[in-house]
Amino acid sequence: MFRHFCILLLLTHAARAQLIADWDAAAETAVVFNPDFPGSAELAAYYAEQRHIPKERVIGLRCSQEDSISRGEFEAQLRGPLLQLFESRHWWNAEPPTPGKPLTGDGISSTTTPSSKVRVLVLMRGIPFQIRRAAQKPKQSEEDEASVDSELAVLGLNNPPVKGGLRNPYFDQQARFPHAQNSLGLLIVGRLDGPDDPTVKRMIDDAIYAEQTGLLGRAVVDLAQKTGVYQEGEDWLKNSAESYRRAGIPVFIDRSAEVLRDGWPLPDTIFYFGWYTDHIVGALASPGFRFKRGAIACHLHSFSASIIRSHDRAWAGPLLSHGAAVTFGNVFEPYLALTLHFDIFNKRLLEGFTVGEAAWNATPALSWMNVVLGDPLYRPFGKGIGTKLGEGSDRDYALYQGMALRLAGEPDGHIKTALTEFAEKRKRPRLLELTALLSALQSKLPQAIDLLEHAESTTQDAAELLRLKLYRAEMLRRSEKADAARKLLRETLGDSRFKEQPARTAAESLLKDMGG
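The sequence shown begins at 5 in the numbering used here and counts up by one.
Straight-line C-alpha distance at most 16 angstroms; calculated EDC-like pairs for lysine to aspartate or glutamate: (1) K503 <-> D465; (2) K387 <-> D28; (3) K167 <-> E146; (4) K420 <-> D454; (5) K516 <-> E262; (6) K121 <-> E60; (7) K143 <-> E337; (8) K491 <-> E457; (9) K121 <-> D28; (10) K141 <-> E337.
Worth flagging that the hints you see were computed from the coordinates, not collected in a lab.
Let the sequences and hints guide you as you build the complete structure.
Set out below in structure tokens:
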């Protein structure tokens, strides 16, 4: 049964994949490194080799080794030399386009056509990422600080204004970048940067690995229960969860105001999106936590990427240190509405866009504050969703996804019935767990509790069993069955099988929060 419906899905998604497979982004990519920064040249060469980018498009620019530079240094060391190089190598067909309009305008206008020879710019570790503020007490939205990356995204514009940002004409377009309207003169800019050289090399390797083997696992969405002017961010997260559900990706939503608690088990995490603390804490900071290869993770905070070359400060660097292949962030205060919109990003990525395309498509402002950390050519769903059969534990995720897609148009209960029957027949507790997450996502907590308890009866693995009990206790708590949740947690903590399990910390914390 599994193979039959997965083959059907392969055929179903082939047409969609064909529609979006019409751009060889690597063939239109240039790489920039800093010869004065140790390791930058070697990383650039390694990336170019892996992505088959010719040596003539690997560019060394001597620039500051500091994270932050002045506007004058940016113009002299980066923007000016790159413009000259684009022109001397005929990477523009004609004169670059005219300046874009500010955020209050209608978009970036252009009457000339740059060549398609270079549309993607990859900045390697060693290129500065912040342009410092020069103006004193600027008006809101007229700040002159910016990320290097966002300023280089408008490299093709003649003398774009320094104050404030520019409205991004590519924002929320359904077309892939080469076919987008009113985006001439723009570049997709990604940054392969992070706490150290081995992390960056691993980011490159993991992106290619996930493209080849498939990105299968679960998503984690961490709400903060914000309202009022912050409701928009909550909506992005909820919409992202719905996109995952439709794509057949299991989702766990943390609905508490605080970040996910220390030690909370999050196996096989391929997506994480949440907010709102200034540095990494909680489950993702746990020493034993590791994202799955190829994972994409972001914690929204105004200064999440103000520091990116650290293992334990802010969010961007630590997320990469814990195994994420891609993250995003802001180098200065971006204002919520102008930061990357999670829901648009996830929608585009699942449609088959590259990480770079999806990220800039989801960002309303250019010449502003954001950075994309990871391989912008990374395209985890370029062959469509549900096209990988999976091996080992991945088989459960592939099976879940296949059934979710195949039964998408049928009543809600059909997928759960099919998954439960298969899980019972094959004795697959993880599949029961994933079905429970679907019930919880749909606020059908009694179903989720029953499925988790059923899964517990089918496994003897201590780590898996503790995780199932923890999730069941959480669902009991959400169901306002506090007494039952406390009883379950006390029994769990008294079980010698779990004495050395890292997730025991989460059980202790949850019980304490519930009054013991």
